[in-house]
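> Below are the chains, spelled out letter by letter.
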Amino acid sequence: MMHKKTTERLWIAFFVSPALVIVSTIILLPLFMSLYNSLFSWTQLIRHEFVGLDNFKRIFATEPYKTRFFNAMGNNLTWLLFTMLVQNTLGLMVGYFLSRRIRGSEFYKRVIFIPVLFSIVAVGFLWGLYLKPNVLLNGFLKLLGAGQLTRAWLGDESLATFSIIAVNIWRWVGFPSLVFLAAIDNVPSEYMEAAWLDGARDSTVFFRIIVPLIVPSILIITVLTIVGSLNVFEQIYTMASLDGSPNYSTDTIGTLFYRTGFGSVDSGNPEIGVGSAIGVIIYFLTLVASLISIMSLGRKEVEL
Amino acid sequence: MNIKRLCILSIAMMMVLGTAFAQKTELNFWTWRPEDTEKYEVLLDSFEKQNPSISVTLTAFKNTEYNTILSAALAGGSGPDVFQSRAYGGLETFAQSGYMEPLDAWVPELKAFNKAPLGGATSIKDGKVYGVPFASQTLFVFYNKAIYKELGLKIPETWDQFTANLAACKKAGYQALANGGKEGWTLEVMMGALAPNFYGANDFFEAVVKGKTNFLDPRFKGAVDKLKELTLYMPDLYMGVSYTDMQSAFINEMAAHFVGGSFEAGYFSSQNPKLDFGIFPGPAAKAGDPHYVSVYADGNFSMNAATKKKDAAAKLLRFFASKETGNFFIKELKQVSAVPGADTSSSPYITEVLSLQKYNTPYMFLVGFRYNQPTGSALFQSAIQGVMAGTLSSADLCKQVQDGIATYYEPFKK
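Respectively, the protein sequence lines represent chains S and Y.
Take 1 as the starting number for the first sequence in this note's numbering and just add one per residue.
Take 1001 as the starting number for the second sequence in this note's numbering and just add one per residue.
Some hints here could point you the wrong way.
[What the hints assert, rightly or not] Sample of chain Y residues at the chain S side, in silico, Cβ under 8 Å: (1) T1068; (2) E1183; (3) Q1373.
[Claimed, not checked] Simulated pairs of lysine-lysine, DSSO-like, Cα-Cα distance not exceeding 30 Å: (4) K1286(Y) / K1309(Y); (5) K1413(Y) / K57(S); (6) K57(S) / K1125(Y); (7) K1210(Y) / K66(S); (8) K1308(Y) / K1145(Y); (9) K1049(Y) / K1308(Y); (10) K1145(Y) / K1274(Y); (11) K1413(Y) / K66(S); (12) K1024(Y) / K142(S); (13) K1128(Y) / K1212(Y); (14) K1111(Y) / K66(S); (15) K66(S) / K1049(Y); (16) K1145(Y) / K1309(Y); (17) K1039(Y) / K1274(Y); (18) K66(S) / K1308(Y); (19) K1171(Y) / K142(S); (20) K1413(Y) / K1128(Y); (21) K1413(Y) / K1039(Y); (22) K1128(Y) / K1308(Y); (23) K1170(Y) / K142(S); (24) K1154(Y) / K1413(Y); (25) K1286(Y) / K1171(Y); (26) K1228(Y) / K66(S); (27) K1039(Y) / K1062(Y); (28) K1274(Y) / K1111(Y); (29) K1062(Y) / K1308(Y); (30) K1399(Y) / K57(S).
It should be emphasised that the hints constitute simulated quantities derived from the structure, not laboratory data.
Cβ coordinates follow ideal geometry from the N, Cα and C atoms, glycine included.
Please work from the sequences and hints to get the whole structure.
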């Protein structure tokens, strides 16, 4: 009996270890290294003495780090809010309509999903071109006779972040759509048929039957959205720039981290201590936000 | 028997070939000028002919990403043997971190170099020279000669004449200025080209570096206000106009002026050989005043302190310090070479740039305030975007720049 248990444990260890090795070297080790680095003072690329939480204090309490950090954080929240509201609502709607098997739904499913497969950098670069003052979008607006609506989409402080979010929604909306479609398809049809027979309207079926039964999918998409919004980087990098141009209006903690930690031609010499500290903050924010959403939504899950 | 012989023969041949290949030292060289790679290949070919035992592999990275990639590579213990390095604060990062080999002993040619370009290659901490300077850059206004001829315009002496020219170009349906504001650094270049005549060039620079005045000085605010006046003549939706849009508008003769740096000329000519452009310094406040231009050491060629091929790398650096490279920079890249005694006669353009340097002043934030975060450049570039877009006042810009620099700059803390 004991013998069997030991063999079983060995087998489990055997199957788990490759993944464990990869996760520890690629994810955990760098995480702890940046935590370690964030506790030291640095000149340029050389580590000096241990300074405790000084780098964190600088981010939260010292100018100009404070303004930059909270400005970037605010933009991340904008990302989270608009991605949650617009992208995921849109995704749920698309998923629902596709599940109704409307004419050509197979075709729409593919078309909506295609941008998800594109490289994020290519999408950013191309949309960066399309949104230039005299290119696709403004050209289209002029063609429609709506010349007064043309804007410097990526150069206007009040619009730049929203333009980039919109592009990202265009790219990614296919993903939640497909996840929700799969979830809705899994809802046993007898539940819905029973509801219809009882004379329930479509909206009642949707809110009272479908939504509660696809909570696990909503949960997954919510966590992914939170993680994605906190880690947004490539979109800004390709469409605005590392400095969160114009005038820090597109800056996120990702670009702030990169700029501070690695430095750049104009932003100056790298500050690895502060940069690592920002990295650690990003990690904890992601962890806490994911835990909260998993716990709070997990309770709403309905057992079939 | 035959097979045995064949085997021995082929092994012998492989060994001979092997040693032949092994003798060739391979150097990796990095640059931030993807635009110039074809031309650099020609220069490096010439070096390889003179040094048959060395072969050089050229890798180019986008200007704005270069520092990041380079610092990551050097910090990771890899990185090129020889690389283009930034001047001033950009040099300091790598020099102080011990990633750059001091060149005083390796490259004796450096002793003959002028002080101004060497300033950008010398560490402010230990006074050692860490790079072979390659060029100085000057900031001024490019204009399209054909458009000037068509509209009967003259090179402006004063600011009023300048804005009158801009208005005339705009009226004739041209983009008066190619410049946009999507990238903050192009706006900083605009400041370097046009502001010194309004903030008081060297007087102000020296005073502000010593902390005798600061960026709240009305002279500096006044100069920023002058830049803001130009938004009238910038392209439609100029805040969305990026550097490449600016270049293409001037190259395709849609724009009459391009406020930029001497480094643009080579690219302009290669993209449109028919483009007939001239240059003039930033206009003065009133007639008869000198026309100051901002000048800075552009960058250097440096050696990776960790390279195992120091002798070969030194050979390449000495080649970069030679007149052949100097002449190459002038003739092929149209840049003002830092190599002493290089021949400028091949380029009327370089001769003209040098004549503009008669009244020169250091490029404010790069030369004086790019040693710590947040750099003067980073502060100015973001704030000027706000000013040009109309979301920030020039007084707020001055305050942001001043407060940002004062967080670390000792002379401002008094």
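> Take the hints in turn and mark each one as holding or not.
Hints, one by one, checked against the model:
no., hint, in the structure
1, T1068, "holds, 5 Å"
2, E1183, "holds, 6 Å"
3, Q1373, "holds, 4 Å"
4, K1286(Y) / K1309(Y), "violated, 56 Å"
5, K1413(Y) / K57(S), "holds, 21 Å"
6, K57(S) / K1125(Y), "holds, 28 Å"
7, K1210(Y) / K66(S), "holds, 28 Å"
8, K1308(Y) / K1145(Y), "violated, 51 Å"
9, K1049(Y) / K1308(Y), "holds, 22 Å"
10, K1145(Y) / K1274(Y), "holds, 11 Å"
11, K1413(Y) / K66(S), "holds, 20 Å"
12, K1024(Y) / K142(S), "violated, 60 Å"
13, K1128(Y) / K1212(Y), "holds, 28 Å"
14, K1111(Y) / K66(S), "violated, 45 Å"
15, K66(S) / K1049(Y), "violated, 55 Å"
16, K1145(Y) / K1309(Y), "violated, 49 Å"
17, K1039(Y) / K1274(Y), "holds, 20 Å"
18, K66(S) / K1308(Y), "violated, 43 Å"
19, K1171(Y) / K142(S), "holds, 22 Å"
20, K1413(Y) / K1128(Y), "holds, 28 Å"
21, K1413(Y) / K1039(Y), "violated, 47 Å"
22, K1128(Y) / K1308(Y), "holds, 21 Å"
23, K1170(Y) / K142(S), "holds, 21 Å"
24, K1154(Y) / K1413(Y), "violated, 46 Å"
25, K1286(Y) / K1171(Y), "holds, 25 Å"
26, K1228(Y) / K66(S), "holds, 29 Å"
27, K1039(Y) / K1062(Y), "holds, 16 Å"
28, K1274(Y) / K1111(Y), "violated, 40 Å"
29, K1062(Y) / K1308(Y), "holds, 27 Å"
30, K1399(Y) / K57(S), "holds, 24 Å"
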